[in-house]
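Now that you have both chains on their own, put them together as the hints suggest.
Next come the chains, spelled out residue by residue.
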Amino acid sequence: MKRRTFIKYAFASISTLFTPLLSKALPQKKSYDLVGIKGGSPSQMFQAGINSLGGMGKFVKKGQTVLVKPNIGWNRTPGEGANTQPDLVGEIVKQCTQAGAKEVSVFDHTCNTEKFCYHNSGIKDAVLKNGGKMYSGDNESDYRKIDLKGNKYLKNAQIHKLFLDSDVIINVPVLKNHAGTRMTAGIKNLMGVVWDRRFWHKTDLHNCIAEFSKMRKIDLTVIDAYTVMVKNGPRGVSADDIILKRMQVISTDMVLADTASAKILNMKAVDIPYLTMSEKKGTGSTNLKNKKIKRISLS
Amino acid sequence: MIKKTRLIIQLLFFILFSLVIYKIVDSQKVISFFHSFHFLNHLSLLAWVVIPTFFLWSLISLIHPLFIGRIYCSYICPVGFIQDILSLIKLKKIKKKRGYFPYIPAFILGITLYLWFLGKSWYGIFDHYSNFIRLITINHSYGTIIVFIFITLLLFSIFFPRFFCHTICPSGTIYSFLQKKSLYKIKINESCNGCKLCEKSCPTLAIKDQKIHNKSCIYCFECFDACPTKAFTLKRTKIFKKRDKSKKIKTDRRLFFKQFFSFAIGSGFSALSIKQIPIPKKTDSVIPPGGNSFTQFIEKCTFCGQCIAICPTGVLENSKSTNGIYGKFRPIMNYNTKFCSFECNACLSVCPTGALTYYPLKHRQSIKMGTARIDKKTCIPYAKKRDCAACAEHCPTGAVDMHKDQQYKHMVPKVADDYCIGCGACQQICPTTPLKSIIIEPQSIHTFAHNPKKKKRAASEVEGIDRIKKMNDFPF
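Protein chains in written order, with this note's numbering: chain A, 1 to 299; chain B, 300 to 775.
In isolation and in its complexed conformation, chain B is listed as follows (with noise of 0.2 Å):
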C-alpha cells in the first residue's frame, strides 16, 4: 500500500516539476513557488546578501530531515523518481548492491559548499535539480556532453539502486549528514523475527542484519508494510542524551576525520581551481536581460537551460566558446538569425537561481543589453547607395532610424544609442552576406535606454504630421 501511494505521490510531482520547467502556468510567483521545493539552487542567492522569494518555504526543504528524515528524497525528488522506476528493472545474474560509496559524496560535497558560499555557479554540474531540467529541456540545446554523463549516471540505478543519490547528489549528502539527528528515526523493534522481508522491500537496500543504514535510508516507510511482525516504527529520539561513552568511539571518530578530509580535498580542489580560471573583464556576447550584469550573471547562473527552453523565438543559446571556460554553458543571446521578441519575459520568469532576476515587462523593455553600431563600409545604403531599411523598418523602439544625408543621396540608416536596447532585430534582418552589417555590441554591465517616446523629430516632419491631420476631405 505505501509503496503504490509513494510511487503515486512520486508521479505527481514529477508531471508537476515538469509542467512548471515549460511555463504552463503564466504566473512568475507559481513557478517560483515551485522552484523553491529544491533549496540548493533556490538558497543560492544567499551567497549574494539577497533573499529570495519563498525562503520560509525553501529553508522547511533544506532542514526538514531534521525533523522527519529526508522525504524530500523519497516522495518529491524526480530524479529520484526516474531512479526508482529504473532500479524496478532486473537483471539476471546480477546481483544489486547498496548504492553508496564511502569518500565520494563528502568530496563532492566541499567542492560543492565551497563554491556555493563564494557565489560561484559550477556546483550546478552536481546539482540535481539543474541536470533534470537539462534532462527535461534535452530537445532545446542541452545535448552537451553534462547530459549525457547525467543519464549515464542514472542508469547505475539498475545496478545501485539510489546511486545518484547517494554518491554525487549535494542535497542528498546534506540530508544524509541531518538525517543522523533526526527528530523522529526509523528503529526495528525487539518484535523481528529476522525473515529479512525488509530487506528484499527496500528500495535503497539500506537494511542488512536488522540493521538500518543511515546514508542510504531515503525514509520512503515502505518497510513499515512489508514487515509481518510490526517490528518497525517511528521512535521519537531523545534530544539531550547522555552519551555512552563506552560503545564504538574510536571507529566514529576515525570514519569522522576521514570524511572530513575528503570533504576538505574537495574544497581545497575547488579553491585551486576556480584561481587557475581567468575572469574576463568584458563579455564578448550579449548576456539576456535580468542578468544584470556579466560577472555576477556567470556567477550565479548554474546553466540549467531553462530559460534556453522557454525562450519563444529560440535566440537564447548555450555559448560554446564565448567568454572562454568563464562563460562556458551560460546562455547568450545569438542575433545573427533569431531576436529578443520586444513583448516578451519569458527567461526572466523562470529562473530557479535569480541569475536573471524577474522585472515586469515594462521594466525590463527599457533594459539596455547592448548597442547597435553599423558597418558603413558593407551597410547597403551607405555603399550601394541604395534603399534598404530592413533595420529601421524592425527597430521596436525606433532607435534605428532613417534620415536624409547630405553625403549620401538615399536616406541612411543612424542609430539614436540612448534609445536602442540591444534587441537584435535589426541584426537578425540584416540581408548582406557574409557578415551583417548592423552588429549589437554587448554591454558588460546592463542600464537603461531612454523612453521612446521622448524622441525628438525634425520640424519639416513634424508639419507633414500635421496636414495628415487636418485633411478631412477626401484628397482624391
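Just chain A, with the same shape it has in the complex (with noise of 0.2 Å):
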C-alpha cells in the first residue's frame, strides 16, 4: 500500500508544476482593444491610459529598439495644434527608456523647414530630456527602397531605416481635419516615414495610404486630442483653428483608433476613403461594436 500512496503523492505534486501551463491554457482575461482617456495633460492621460493596458513592459522589453513616431511636420508651435503635443512625446519616450529600452529614436519627414520644426514644435527638446534620441528625416541615404509586393498603386517606397529596423513602432499622431484626405491621423501619419510622397499624391492618395498601412504591424497607437485642428489642416492658419478637447485615444489596432478619432470630429469612417480601404486590406477594423473599449475621465 505504501508504494500506491507514494505515487499517488508524487503524482499530484509533480502535476503542480504545471499549473502554470494550466493557467495559461484557460481563456485569458483580455486587455481591452481601444482606451479613451479625457480630462488630463497630454502626459496624465498617457499613463492613465498606457496603465490599463498593463504599463509600457507589455510593449517594450528589455534591450529593444523603439522608434516613437509623433507628426513633426510642421513649423508651428505646441500652441498652434500642428504639431504632437511635445508633453505627450516626451512621456513617452521617458516610459520606455524605463522599461528598459536600449535606444529610443524620434523622427519625421517634415513638410517645412527641418530644424524649424524639431524646434519650434517642442519636440526636440522633449525627447533629449527624457533620454531619447532625435534623428534626421532629411538624408535620403537613411532610406531604403523597398519592393512592396501585392500592392497595385503603391509597388515600392523609399522607407526610412528606423521604421524598418526598430524593434517596436509606437505612432503618436495629432488628430486634424485635412484638405485632402478629409482627416489625418494614425494611418496617415505614417506618411511621414517615406522619401518621396509626392508620388503618392499624384498616384492614387487614398489607395497609396491603404495599401502602406499594412506594410508593417504598428505595435502601439497612441493619437493626441488634446487640441484637434477643425479649419485649414493639417498645417492651420492661426490659433482660431484648434478647439481644445483634452483627449486621447491608445488602441494596439491603428485602424480602430483612427475609427473612434474621427467620431471626435464627427466624422464617420465611410466619410474617409483611406480608412475603409485599410479594413479591406486587413490592416484592422472599423466596428467599434463588439470592442473592448475601456474610457476614463481623469477631471
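Note that these hints are calculated values from the structure, not bench results. Hints may contain errors.
What the hints assert, rightly or not - Straight-line Cα separation of at most 35 Å, DSBU-like style, residue types lysine-lysine; simulated pairs:
hint : chain 1 : residue 1 : chain 2 : residue 2
1    : A       : Lys202    : B       : Lys752
2    : A       : Lys145    : B       : Lys675
3    : B       : Lys484    : B       : Lys529
4    : B       : Lys396    : B       : Lys495
5    : B       : Lys769    : A       : Lys245
6    : B       : Lys529    : B       : Lys574
7    : A       : Lys268    : B       : Lys486
8    : B       : Lys708    : A       : Lys202
9    : B       : Lys768    : A       : Lys30
10   : B       : Lys480    : B       : Lys396
11   : A       : Lys268    : B       : Lys684
12   : A       : Lys152    : A       : Lys202
13   : A       : Lys214    : B       : Lys713
14   : A       : Lys152    : A       : Lys281
15   : A       : Lys281    : B       : Lys768
16   : A       : Lys202    : B       : Lys675
17   : A       : Lys245    : B       : Lys708
18   : B       : Lys703    : A       : Lys155
19   : A       : Lys115    : B       : Lys754
20   : A       : Lys161    : B       : Lys683
21   : B       : Lys486    : B       : Lys499
22   : A       : Lys263    : A       : Lys202
23   : B       : Lys486    : B       : Lys514
24   : B       : Lys484    : B       : Lys389
25   : A       : Lys294    : B       : Lys713
26   : A       : Lys152    : B       : Lys684
27   : B       : Lys675    : B       : Lys703
28   : B       : Lys537    : B       : Lys580
29   : A       : Lys61     : A       : Lys217
30   : B       : Lys676    : A       : Lys145
31   : A       : Lys280    : B       : Lys684
32   : B       : Lys708    : B       : Lys637
33   : B       : Lys529    : B       : Lys396
34   : B       : Lys769    : A       : Lys124
35   : A       : Lys214    : A       : Lys202
36   : A       : Lys115    : B       : Lys755
37   : A       : Lys61     : A       : Lys161
38   : A       : Lys202    : A       : Lys30
39   : B       : Lys753    : B       : Lys580
Note that the structure is predicted; figures quoted are calculated from it, not measured.
In C-alpha cells form, the structure reads like this:
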C-alpha cells in the first residue's frame, strides 16, 4: 500500500508544476481593444491609459530598439496644434527608457524646414530631456528602397531605416482635419516615414495610404486629441483653427483608433476613403461594436 | 610692433565682417551697423532720396581721409587684409612693383559714380564689399565669372601689392583723392639719412627716393616703426596755405586734365551702356519680399549674394536668364523645388544696400509677391478626378483651399487671390510632372494680402465645427 500512496503523492506534487501551463490554457482575461482618456494633460492621460493596458512593459521589452513616430511636420508651436504635443512625446520616450529599451529614436520627414519644425514644436527638447534620440529625416541615404509585393498602386517606396529596423514602433499622431484626405490621424501619420510623398499624391492618394498601412504591424497607436484642428488643416492658419478637447485614444489596432478619432471630429469611417480601404486590406477593424473599450475620465 | 598690431586688427575685422555676413547675430540693427562701415553700398540709398540707417557713421567712414588719411583701407577693410596676406608671398626672381596704374582708377570711378548717382546698381561689379560678400558666400551661389575675376585680381597682389585697392576699388579711389587734402599728413623730416629701410617696410611700396606717393599710401604707419632715425612724423597741414605759384603747376594741371578725361570717358561709357539696356516692364520671376517693386529692386541690388547665402530653404537663386540682361545676377525665387518659409524674414534683414527693405516678420507675412494660378488641364483633382490637395495642405495662409464642386465630383483646389502671398509652398509640393499644376504668377509691384483670419467659411462647415465643440463626452 505504501508504494501506491507514494506514487499518488508524487504524481500530485509533480502536477502542481504544470499549473502555470494550465492557467495559460484557460481563456485569458482579454486586454482592452481601445482606451479613451479625457480631462488631463497629454502626459497625465497617457500614464492613465498605458496603465490600464498593463504598463509599457507589455509593449517594450528590455534591450529592444523603439521608434516613436510623432507628427513634427510643420513649423508651428504647440499652441497652434499642427504637431503632436511635446509633453506626450516626452512621456512616451520616458516610459520606453524606463521599461528597459536600448534606444528610443524619434523622427519625421517634415514638410517645412526640419530644424525649425524640430525646435519650434518643442518635440526635440522634450525627447532629449527624457533620454531619447532625435533623428533627421532629411537624408535620402537613410531611406531604403523596398519592393512592396502585392500592391497595385504603391509598388515600391523609399522607407526610412528606423521604420524598417526598429523592434517596436509607437505611432503618435495628432488629430486634425485635412484638406486632402478629410482627416489625419494614425494611418495618415505613416506618410512621414517615406522619402517621396509626391508619388502618392500623383498616383492615388487614398489607395497608397491604405496599401502602406499594412506594410508593417504598428505595435501601439496613441492619438493626441488634446487639441484638434477643425479647419485649415493640416497646417492651420492661426490658433483659431483648433479646439481644446483634452482627449486621447490608445489602441493596438491603428484602424480602430482612427475610427474612434474620426468620431471626435464628427465624422464616420465611411466618410474617409483610406480608412475603409485599410480595413479591406486587413490592417484593422472599423467596427467599434463588440470591442472592449475602456473609458477614463481624469477631471 | 605696429606691423603686428595692424595685422591683428585687420584679422579681427575680417572675422567680424564674415560673422555678420553669416548672420551670427539676430539683431537687424547690429547687422546694419556693420554694413555702414562700407559707405559705397550703404549710402547708395541717397540716390533714392532716402536716408539710410547709421547715416552719420557711414558719412564718417566716407570723409575720414580728410582728417587722418585712409585708415579704413589699412586697418578695417577685409579685402585689404586678404591682399596684405597674399603680398607676404615672396617669389624668387620677381621684383614687386607698385600696384598703381594711372587713368584706370579714374575711368572706373567715372563709371561707378555715374551709376551710383543715378541709382543704378551695376557698380556692384567693382565695389569691394559686394565682392567680399560674394567671395565669403561662394559655396552658396555666386560661383560665377565675377567671383573668379575678383580672385584673379586679388592674386595680382602677389606681384603688385594692393593692386585691387589702387586700380579698381572705387571707394579706394575716392579715398585717395580725399587723402590729398588730409589734415594730418605723413611727412619725412630732415633726420632722414637715406638708408631706404622704409622703402622695404612699406606694404604698398609707396615710398621712393624719400618721397611718399600719395595715391599708393594707405596710412598704415608701419614706416614710423621702420625708420631708425625717427624721420617719419604726422604733420598738421595748414588749411588755407598760400600756394607757391612757381612750383610745377604745368605738370600738375596736365595730370589733372588727363585724370579728368579718364573719369569723363568712364561716365560717358556708362551713360551710353545704360541707354542700350532695355528696361522690361514686367518681371518673369518672383522677386524676394522687401523688394517693393521690380524696377527699384533691380536698380538697388548690387548682387552681393548675401540674401542667397542666408536663405534657410534655398529658394533664392541668382537669375541666370530670367529678366534678361537688366535682371542679370539679381536674386529671384525659384519655386520648383523650394519655397519661401512663412516664419522667416532673413533676406530682408541682411541686405547691405536696402534693395530688400527690412520689415518685421508680421509685416513681411502680408507682403504679396505673386498669386497662385491653377492649371486645370493637369491638376489631379480636375483632370484625373481623384483626391490630391498637396497644395492646400501646405498653404500657410489658407488661400489655396479645397472646395466641393458640382462639376467635378471630388474636392478641387481653388485660390482665393486676395489671401495668397505668393510664397510658393503650393508650387513646390505639387506632384505633377513634368510641369507643376499650380504656379505662382509674379507681381512686378508688391502689394499686400488680406488677413488670413478674416477668411469667410461656409455655413455648413461652421455648424459642423460647433458640434465638435459642444461634444463633451466620448463619442465612441
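Hints, one by one, checked against the model:
no.	hint	verdict
1	A:Lys202 with B:Lys752	holds, 30 Å
2	A:Lys145 with B:Lys675	holds, 33 Å
3	B:Lys484 with B:Lys529	holds, 15 Å
4	B:Lys396 with B:Lys495	holds, 16 Å
5	B:Lys769 with A:Lys245	holds, 10 Å
6	B:Lys529 with B:Lys574	violated, 56 Å
7	A:Lys268 with B:Lys486	violated, 92 Å
8	B:Lys708 with A:Lys202	holds, 18 Å
9	B:Lys768 with A:Lys30	holds, 34 Å
10	B:Lys480 with B:Lys396	holds, 26 Å
11	A:Lys268 with B:Lys684	holds, 23 Å
12	A:Lys152 with A:Lys202	holds, 14 Å
13	A:Lys214 with B:Lys713	holds, 33 Å
14	A:Lys152 with A:Lys281	holds, 12 Å
15	A:Lys281 with B:Lys768	holds, 33 Å
16	A:Lys202 with B:Lys675	holds, 15 Å
17	A:Lys245 with B:Lys708	holds, 32 Å
18	B:Lys703 with A:Lys155	holds, 31 Å
19	A:Lys115 with B:Lys754	holds, 30 Å
20	A:Lys161 with B:Lys683	holds, 33 Å
21	B:Lys486 with B:Lys499	holds, 17 Å
22	A:Lys263 with A:Lys202	holds, 29 Å
23	B:Lys486 with B:Lys514	holds, 15 Å
24	B:Lys484 with B:Lys389	holds, 30 Å
25	A:Lys294 with B:Lys713	violated, 43 Å
26	A:Lys152 with B:Lys684	holds, 19 Å
27	B:Lys675 with B:Lys703	holds, 15 Å
28	B:Lys537 with B:Lys580	violated, 55 Å
29	A:Lys61 with A:Lys217	holds, 17 Å
30	B:Lys676 with A:Lys145	holds, 32 Å
31	A:Lys280 with B:Lys684	holds, 22 Å
32	B:Lys708 with B:Lys637	holds, 31 Å
33	B:Lys529 with B:Lys396	holds, 26 Å
34	B:Lys769 with A:Lys124	holds, 34 Å
35	A:Lys214 with A:Lys202	holds, 20 Å
36	A:Lys115 with B:Lys755	holds, 33 Å
37	A:Lys61 with A:Lys161	holds, 21 Å
38	A:Lys202 with A:Lys30	violated, 43 Å
39	B:Lys753 with B:Lys580	holds, 34 Å
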